[in-house]
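Required output: the full structure, derived from the provided sequences and hints.
2 protein chains.
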Amino acid sequence: MTTRDIDENVRAELNRLRESIDNIDAAVVHMLAERFKCTQQVGHLKAQHHLPPADPDRESRQIERLRQLAESAKLDPAFAEKLLNFIIAEVIRHHETIAASPADSPQTDRIAPKTAPNAAASTATNTAASTDPKASPDA
Amino acid sequence: MTTRDIDENVRAELNRLRESIDNIDAAVVHMLAERFKCTQQVGHLKAQHHLPPADPDRESRQIERLRQLAESAKLDPAFAEKLLNFIIAEVIRHHETIAASPADSPQTDRIAPKTAPNAAASTATNTAASTDPKASPDA
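Just so you know, the sequences run in chain order A and B. If you're matching positions, the first sequence starts at 10 in this note's numbering and goes up one per residue. If you're matching positions, the second sequence starts at 10 in this note's numbering and goes up one per residue.
Simulated from the structure, these hints should not be mistaken for laboratory data. Heads up, a few of these hints could be off.
[To be verified] Listed below are the simulated EDC-like cross-link pairs for lysine to aspartate or glutamate, each with C-alpha atoms no more than 20 Å apart in a straight line:
id : chain 1 : residue 1 : chain 2 : residue 2
1  : A       : K91       : B       : E73
2  : B       : K83       : A       : E43
3  : B       : K91       : A       : D31
4  : B       : K91       : B       : E80
5  : B       : K91       : B       : D64
6  : B       : K83       : B       : E73
7  : B       : K91       : B       : D66
8  : A       : K91       : A       : D64
9  : A       : K91       : A       : E73
10 : A       : K91       : B       : D64
11 : B       : K91       : A       : E43
12 : B       : K91       : B       : E73
13 : A       : K91       : B       : E90
14 : A       : K83       : A       : D66
15 : B       : K91       : A       : E90
16 : A       : K83       : A       : E73
17 : A       : K91       : A       : E80
18 : B       : K83       : A       : D31
19 : A       : K83       : B       : E43
20 : A       : K83       : B       : D31
21 : B       : K91       : B       : E68
22 : A       : K91       : A       : E68
[Said to hold, decoys possible] Here are the simulated distance ranges between beta carbons:
id : chain 1 : residue 1 : chain 2 : residue 2 : range
23 : B       : N24       : A       : N18       : 46 to 56 Å
24 : A       : R67       : B       : P61       : 41 to 51 Å
25 : B       : D16       : A       : R25       : 47 to 57 Å
26 : A       : A35       : B       : A21       : 27 to 37 Å
27 : A       : K83       : B       : A63       : 23 to 33 Å
28 : B       : E80       : A       : N94       : 16 to 26 Å
29 : B       : N32       : A       : A21       : 27 to 37 Å
30 : A       : A36       : B       : E28       : 12 to 22 Å
31 : A       : D66       : B       : A36       : 21 to 31 Å
32 : B       : K83       : A       : N32       : 39 to 49 Å
33 : A       : E80       : B       : P65       : 30 to 40 Å
34 : A       : N32       : B       : D16       : 42 to 52 Å
35 : A       : D66       : B       : E73       : 19 to 29 Å
36 : A       : A98       : B       : Q77       : 17 to 27 Å
On a predicted model such as this, the values are computed, not experimentally measured, just so you know. All C-beta atoms, glycine included, are put in the ideal place defined by N, C-alpha and C.
Here it is in structure tokens:
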């Protein structure tokens, strides 16, 4: 085997791994897009029914569960916890930005938020989470 | 419909959304566990073949691609980019920690890293990324 062969083998292996990384990244992006759709609904549901936006018990259970899942998947549990906090921080940041927007004030006459028109969706930037002014740490 | 009915409906809807969030989180955790397995292999491959750990061109392409994917999924592209940077930072942090460990010194006699014994895996903490001392921003 020549040096050139090794180089080509190495390059092929590197490309193979990078293609897997890219596939996984695409999956994660789409998963998170779906996740923000859920937290957006949670936010509207809570706003409409005057439920407290934050739920520390729920958050504790989420963190504990994620740590256990991470451990079983041989992923650093501390990393999983930090990831959840990163996502929560992002949702809170967006919801604080949008909360000041009059277009996203609570609408109290809706029971089924998922079918209600979402004024914020058309006026906000292209940000799933940004339409979630009352997002809780469910996020 | 009584207030109690509404409360029960709202609670049921909230639980439904939270179950979806939990399912998505489990999927993301497992996806990221698989991703770290890939970047771990990339790290070893690069270390063995004396390839530079960082690849700015690759990273630029990754970021641009992720931003486009995010946009098509109606996810904030800036969030997707921050997420990638968050993951990269985590891998680098772990690889710096482990790089100082004699158990994870490069082994230059391996061509196929995925089949090679991984001394670090058994001695490091339960951290997929921590076994990746030469991780590049492929992470």
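Numbered hints the structure breaks, given as an ascending list: Hints 1, 10, 14, 32, 35 are the ones this structure does not satisfy, whereas the remaining hints hold.
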